[in-house]
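> Sequence:
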Amino acid sequence: MGEKEEGKIVLPGDFICATEEYVAGEHTYKDAGGIYSSIFGMVKFDDKAHKIDVEPKVEAPPEIKPGTIVLGEIIVLKSSFAVVGIDRVKGYEDRQVKMEGTIHISNIQDAYISGIDKGFSVGDIVKAKVVSNDPIRLTTVDENMGVIKAFCPVCGIPMEKKGKMLECPKCKNKIPRKVSSEYRTGVF
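Position 134 of the sequence shown, counting from 1, maps to 967 under our numbering, and the rest follow consecutively.
If you are wondering where the hints come from, they were derived from the structure by calculation, not from laboratory data.
Distance condition first, Cα-Cα at most 16 angstroms in a straight line; then the derived EDC-like pairs of lysine to aspartate or glutamate: (1) Lys994 with Glu1015; (2) Lys997 with Glu976; (3) Lys982 with Asp920; (4) Lys863 with Asp886; (5) Lys841 with Asp886; (6) Lys1007 with Asp950.
Note that the structure is predicted; figures quoted are calculated from it, not measured.
Work out the full structure: start from the sequences and follow the hints.
Now the structure itself:
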């Protein structure tokens, strides 16, 4: 890139310009007297700051950090924890993600719970908050966290919320769950 080419698409490692002209900005690095792109993106020049940036052309994966709200399906139950297949991250609702997190039995609700199956069942859709991100640990203690959709294990149809229980409208089967205050509202 001998002359200034605003908007040029670059790949990682592409030479952009000499360091005498500009300083390295976001998504760029200096090496051997030159500024290079560290990502796939579009070159942006800031003439006032004499800085060069590369604007990403590919969206980065959603950031998972403590406090992030996620939506997923209970895929495994063990004696002391549930594994959640995370499918959506709040703020990135239009993008499907594929990762897993765990909810320890002590992070299901504030009150004592005698068994993990009193909080969740495989196939339940849950809304949870990230407690830590390496590995991903989740909690459903807050009132609006917990099961947001569940299906009757007998009939397979969506269950209805009856207090802290779920009831099948067809066969009247009742099951205990850590039910979100937003159960079947569609709120994320």
